[in-house]
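Trainee: From just these sequences and the hints, can you work out the full model?
Here the protein sequences come in this chain order: A and B. All residue numbers for the first sequence refer to numbering that gives the first Met the number 0, where the first residue is 0 and numbers rise by one. All residue numbers for the second sequence refer to numbering that gives the first Met the number 0, where the first residue is 0 and numbers rise by one.
Think of the hints as simulated: they come from the structure by calculation, not from any bench. Every residue gets a Cβ at the ideal spot worked out from N, C-alpha and C, and that includes glycine. Some hints here could point you the wrong way.
[As the list claims (entries may be wrong)] Restraint-style ranges between C-beta atoms, simulated for each label pair:
1. A/Gly184 to B/Glu198: 21 to 29 Å
2. B/Gln151 to A/Glu6: 34 to 42 Å
3. A/Asp180 to B/Gln204: 25 to 33 Å
4. A/Lys95 to B/Gln151: 34 to 42 Å
5. B/Gly184 to A/Glu39: 52 to 60 Å
Residue-level listing of the chains:
2 protein chains.
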Amino acid sequence: MIDRLLEQIRQKKNPSVIGLDSRIEYIPDTIFRLFVKNGESGFQAATEAILYFNKSIIDAIFDIIPAIKVQTAYYEMYGVHGMQVFRDTCAYAQSKGLIVIGDAKRNDIGATAQAYSTAYLGKTNLGLGMTEEAFPVDFLTINPYLGADGIQPFLEDCKRYKKGLFILAKTSNPSSGQLQDLLVGGKRIYEIVGEYIKEWSHELQGQYGYSSVGAVVGATYPEQMARLRNDLPGIFFLVPGYGVQGASGDDITNAFDKNGWGAIVNASRSVLCAYQKQSTQSGDNQHSNFAFAARLEVIRMRDEIMNSLQKAGINLV
Amino acid sequence: MIDRLLEQIRQKKNPSVIGLDSRIEYIPDTIFRLFVKNGESGFQAATEAILYFNKSIIDAIFDIIPAIKVQTAYYEMYGVHGMQVFRDTCAYAQSKGLIVIGDAKRNDIGATAQAYSTAYLGKTNLGLGMTEEAFPVDFLTINPYLGADGIQPFLEDCKRYKKGLFILAKTSNPSSGQLQDLLVGGKRIYEIVGEYIKEWSHELQGQYGYSSVGAVVGATYPEQMARLRNDLPGIFFLVPGYGVQGASGDDITNAFDKNGWGAIVNASRSVLCAYQKQSTQSGDNQHSNFAFAARLEVIRMRDEIMNSLQKAGINLV
Numbered sequence: 000m001i002d003r004l005l006e007q008i009r010q011k012k013n014p015s016v017i018g019l020d021s022r023i024e025y026i027p028d029t030i031f032r033l034f035v036k037n038g039e040s041g042f043q044a045a046t047e048a049i050l051y052f053n054k055s056i057i058d059a060i061f062d063i064i065p066a067i068k069v070q071t072a073y074y075e076m077y078g079v080h081g082m083q084v085f086r087d088t089c090a091y092a093q094s095k096g097l098i099v100i101g102d103a104k105r106n107d108i109g110a111t112a113q114a115y116s117t118a119y120l121g122k123t124n125l126g127l128g129m130t131e132e133a134f135p136v137d138f139l140t141i142n143p144y145l146g147a148d149g150i151q152p153f154l155e156d157c158k159r160y161k162k163g164l165f166i167l168a169k170t171s172n173p174s175s176g177q178l179q180d181l182l183v184g185g186k187r188i189y190e191i192v193g194e195y196i197k198e199w200s201h202e203l204q205g206q207y208g209y210s211s212v213g214a215v216v217g218a219t220y221p222e223q224m225a226r227l228r229n230d231l232p233g234i235f236f237l238v239p240g241y242g243v244q245g246a247s248g249d250d251i252t253n254a255f256d257k258n259g260w261g262a263i264v265n266a267s268r269s270v271l272c273a274y275q276k277q278s279t280q281s282g283d284n285q286h287s288n289f290a291f292a293a294r295l296e297v298i299r300m301r302d303e304i305m306n307s308l309q310k311a312g313i314n315l316v
Numbered sequence: 000m001i002d003r004l005l006e007q008i009r010q011k012k013n014p015s016v017i018g019l020d021s022r023i024e025y026i027p028d029t030i031f032r033l034f035v036k037n038g039e040s041g042f043q044a045a046t047e048a049i050l051y052f053n054k055s056i057i058d059a060i061f062d063i064i065p066a067i068k069v070q071t072a073y074y075e076m077y078g079v080h081g082m083q084v085f086r087d088t089c090a091y092a093q094s095k096g097l098i099v100i101g102d103a104k105r106n107d108i109g110a111t112a113q114a115y116s117t118a119y120l121g122k123t124n125l126g127l128g129m130t131e132e133a134f135p136v137d138f139l140t141i142n143p144y145l146g147a148d149g150i151q152p153f154l155e156d157c158k159r160y161k162k163g164l165f166i167l168a169k170t171s172n173p174s175s176g177q178l179q180d181l182l183v184g185g186k187r188i189y190e191i192v193g194e195y196i197k198e199w200s201h202e203l204q205g206q207y208g209y210s211s212v213g214a215v216v217g218a219t220y221p222e223q224m225a226r227l228r229n230d231l232p233g234i235f236f237l238v239p240g241y242g243v244q245g246a247s248g249d250d251i252t253n254a255f256d257k258n259g260w261g262a263i264v265n266a267s268r269s270v271l272c273a274y275q276k277q278s279t280q281s282g283d284n285q286h287s288n289f290a291f292a293a294r295l296e297v298i299r300m301r302d303e304i305m306n307s308l309q310k311a312g313i314n315l316v
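Mentor: Structure, rendered in C-alpha cells:
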C-alpha cells in the first residue's frame, strides 16, 4: 500500500493529505439549512449535511491530492448515522482514486486488536462462509501503548489485505512530551517506539525503500522529527500539526528524504474552513464557495510545502 | 459516577463486571440460525443475533452484577449495524440498572479527544439548539499516550455529565511491559502514568474516598498491581485479565483495599462461552442454556473472588 501512496504523491506532485475532520460547525449555514426538515435538526440532518460537505470537498480537490485522512472521532460523535457517513466518505474518496487513511488511533490487547484490525483493514466473518468489510480504509493509525501483541494482528492483516499502518510515535499536541519525551537509558520514549516501528516494519517493505508500516510524527516538533527521520530511513511519516496547529512549510522539511519522499503532511481545519477566511476577504457568498476555497487552500499549502522543500535543497522526484 | 458503581458493588456483593465482547463465533449455532434469512448471513443477521445474545445474557445476570463492559472493537467489526447494537446493548443494560463501561481505549490530541468525549460521555451539537447523545456510556476507557491535553476534555465532560473514566496504566496483555515497564529515573512508565492519573483524579472525588477517574490495571500482573494499589489509594481499578487471560481470584486481591473496595474485576469470554464448557460436561442443549450457563459462571466467579478476598482478610462492607 505504501507504494501506491508514494506513486500518488509523485504523480500529483503533492506530499500532503487533507483531513476530513468534518463537523456541522464547519459547514456554511446556508448549506446546513438545506438538510434541515421542518426547522428541526438531528443526527439524520447533521450527517446528511456532513456527507454533502465531504463529497463537495473531495470533488473539488481529488485531482490534486494523493490521499485523505478521515478522523473517526468526528463521525462517532454523530452516532450510528455518523459511522455510516464515515463509511460512505471513505468509499467515495476511494472511488475517486484517493488513498484513505483511517485516523482511529485504536489499540487493545491481542484478541481485541484483531477485532479492530478486522473492522478497518480486514473482513468480518458473518457465518455460513460469508465475509464483509466493515469500515474499509487503506491505512489505519494505531497507538503503541500496549506493545507488540496489540500490533501483531494489524501487521498480519496488512500483509494479507495489502494495507498500511501509521503508528503513533511523537504526536503533535502540546502535552505529547509528558510520556513520549521521557528519557529511558539515554533514549526518549518516542525514539524507543520508533525502534519498535522499525522492527515491525520489516515484513512490509515496498519497492521504493519504504514500509507500509509508518509512523505518526507531529510537524510541531521539527527537531524530534529530524532525529526520527535520521534513525528511521525506511519509515514513512504521517505528519499532523500543519496549519491551525501552528506548523508551517519550513517546519516539515525534516520529515523528507533527499528525493522528497518519506512523508505526507496533513492539514484539516485550515482546508475545511478556508472559505471562512477567504469569504471574509472577498465578501463572496459562502454557499457556493466552500469547496473552491478548500481547493485554493490545498494549492497554497502544496506550493508552500514544495517551496520549503526546494529551499531545503529537496526536489520531489 | 464512581459512587453509583461502588454502591452497586456493595448492594450486589459482587466486585466483578462482565465484558460483552460478543461475536457470532460465541453464539450457539442453533441461536445464530434463527436470525439467518434464506440461508444467507450478513451484517443484519449477525448483529440481530448478537443483540439477542447480549440481551439474553443481561437478562440472566443483571440482578447479580453491578456493571457490564462493552468492548467497542467487537461492534465496530460489524460495521454500522454493529455500532447500532453497541448503542442498543448499552441502553438495554442501563435500563436494567447496570452501570455501563464503554471499553473504547480512545484518545487523540485535544480537539479530537473532545470529539471522542462528546461521542461517549457528552452530547453532540446538532445545530438549531438541539443536542443528542451518540453512544452514551457511564464510564469510558482511554489511552494516556498523548498526555494531559488528550485527557482534559474527558475530565471536563465527566464533571459536567457525571461520568467516569478508566485510564490505561498497566494492561493485562503479555507485551504490555514493552513500553509500560520501561524505567525512567527509578520509576516505571505505568507508575508515572499512575501519578498522572492521581493528579487528574482530584477534581472528581466521590463520597467514599474514590475518584471517578480510575485506572486499568491487569490482573495478570499482581505484583505491579500491588504497587499501584499502594501508590494510588483513591484510584479505582478496572481489572481485566481474569478467566481466559489466565488470572485467578488470588491474583486480584492486591487490587482491593481493606473494605473490599477499590476495584472491579472483568471477565468476558469465560462468561459468554460458559455454555460450551458446561454443555460438554452435562450433555444439555446449548440453545436454551447459554444464558443460564453465563449466570452460573458469574456466580462461580463472584464466589471465587469473594473467597479469595476473605482468605486475604478482606470483607466487602
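Trainee: All hints, please: hold or fail.
Mentor: A quick look at each hint next to the structure:
In this structure the hint that A/Gly184 and B/Glu198 lie 21 to 29 Å apart at CB holds, the actual value being about 26 Å. Checked against the hint of 34 to 42 Å, the C-beta distance between B/Gln151 and A/Glu6 comes to roughly 40 Å, which is consistent with it. A C-beta distance of roughly 30 Å is found between A/Asp180 and B/Gln204, which places it inside the suggested range of 25 to 33 Å. A hinted range of 34 to 42 Å for the beta carbons of A/Lys95 and B/Gln151 is consistent with their spacing of about 37 Å.
The supplied range of 52 to 60 Å is met by B/Gly184 and A/Glu39, whose beta-carbon atoms lie about 57 Å from each other.
The earlier numbered hints are all upheld by this structure, with none contradicted.
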